[in-house]
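Starting from the known structure of chain E, fit chain D onto it as the hints suggest.
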Amino acid sequence: MHIPDGYLGPYTYVAFWIIMIPIWYYAGKKLNTELKSRQVPLLALSAAFSFVIMMFNVPIPGGSTGHAVGGAIIGIVLGPWAGVISISVALVLQALMFGDGGITAIAANCFNMGVVMPFVGYYIYKLISGNSDITSSKRVIASAIAGWCSLTIAAFFTGVEFGIQPILQHTAAGTPLYMPYPLSVTVPAMVAEHAFGFSILEALITALIFAYIQRTDASLFYSEKSEVQKNKMKKAVTA
Amino acid sequence: MEKIIRNLSIGLIILMIFAPLGLLAVGETFGEWGPEEVKEKLGFVPPGLEELSDLWSAPMPDYAFAGGDESMTMSSVAYILSAVIGVVVGGGLLYFIGKKAAKN
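Protein chains in written order, with full-length UniProt numbering: chain E, 1 to 239; chain D, 1 to 104.
Chain E on its own, in the form it takes in the complex (with noise of 0.2 Å):
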């Protein structure tokens, strides 16, 4: 999924870059006053899972390869901002060192692996588990749900952004300038591709990592609070 240079016209990676400037300020405003020293090390190891994830090619009938890229369990863990931040140094690195992705397309990566996954991730696994338990085994189902959702949903936002180049970009003759395939080619490719692949290996990791993280310490995730602080805080409200 990663947008090598070339295939988007400067209208369409220039909008990205206007679109992802604030949003990366807002994330890093966000980390000053959400992140708790206790998280960190979970925020450094969540870019570097989601570096070495995004290395794991999988072959799908078809011919196609891709891969998971973790957006989802790194939004429900940490919270879908710290999320933007942690895949776009990933990103960014990927992009720079090892040309997997391009440098125009910088910015249009970040928004579709690294803001679309953490976010959907995150407010999908809400919606499900609802106020069920911190530790049932329905928010493992909704983490999964989660899981396959984001990365099928960052696939469309690909697909779209690909197939609008020959509308967007062309020469007087109507040759295309950038992706020359057009929408009704490039979104259901992406998309298929993604919902019946690479998106159910993103869901088994998401659900994997979460169930692994609920039965060790649920209190590690984004806004649940461990049993001691919602101790303190009824003698709090008691007192």
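Honestly, the hints are just simulated from the structure, not real lab data.
One or more hints might be untrue.
Claimed, not checked - Below, a list of computed lysine to aspartate or glutamate pairs in the EDC-like style, where the Cα atoms sit at most 20 Å apart:
#1 Lys100/D / Glu34/E
#2 Lys41/D / Asp217/E
#3 Lys138/E / Asp217/E
#4 Lys103/D / Glu34/E
Stated by the list, open to error - Chain D stretches covered by chain E per the calculated footprint, using a threshold of three residues with CB under 8 Å from any CB of chain E:
#5 5-12
#6 35-44
#7 77-91
Stated by the list, open to error - Pair by pair, the computed Cβ-Cβ distance ranges are:
#8 Gly174/E / Lys41/D: 36 to 44 Å
#9 Gly34/D / Val14/E: 19 to 27 Å
#10 Lys39/D / Ser132/E: 47 to 55 Å
#11 Ser184/E / Ile10/D: 44 to 52 Å
#12 Gly63/E / Met74/D: 22 to 30 Å
#13 Gly34/D / Tyr25/E: 44 to 52 Å
#14 Thr171/E / Glu70/D: 36 to 44 Å
#15 Gly34/D / Pro10/E: 39 to 47 Å
Every residue gets a Cβ at the ideal spot worked out from N, C-alpha and C, and that includes glycine.
Showing chain D alone in chain E's frame:
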């Protein structure tokens, strides 16, 4: 907490060691073709695509040694090294940023 970090780190190291498995998946990724592949598909390369495509030369393009030998062993070494760079630089950067940002 420490147990989680330790176990996740072990998981990460195992993933890094097995990263070269990602090299086995041969096949094209939709929308990530090089200009030559686009030419094969369409018979022409869109002019803007061609112009932008060589804007940046990454030091280790596609997680491989630039211009190096392409044996499976060398590719695997380069791939694992790439994973190490990603983990050390990416993780390190966020550890630093996180330490600065975290309040309590």
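Exercise for the section: Provide an ascending list of the numbers of those earlier hints which the structure does not satisfy. Expected result: 2, 8, 13 and 15
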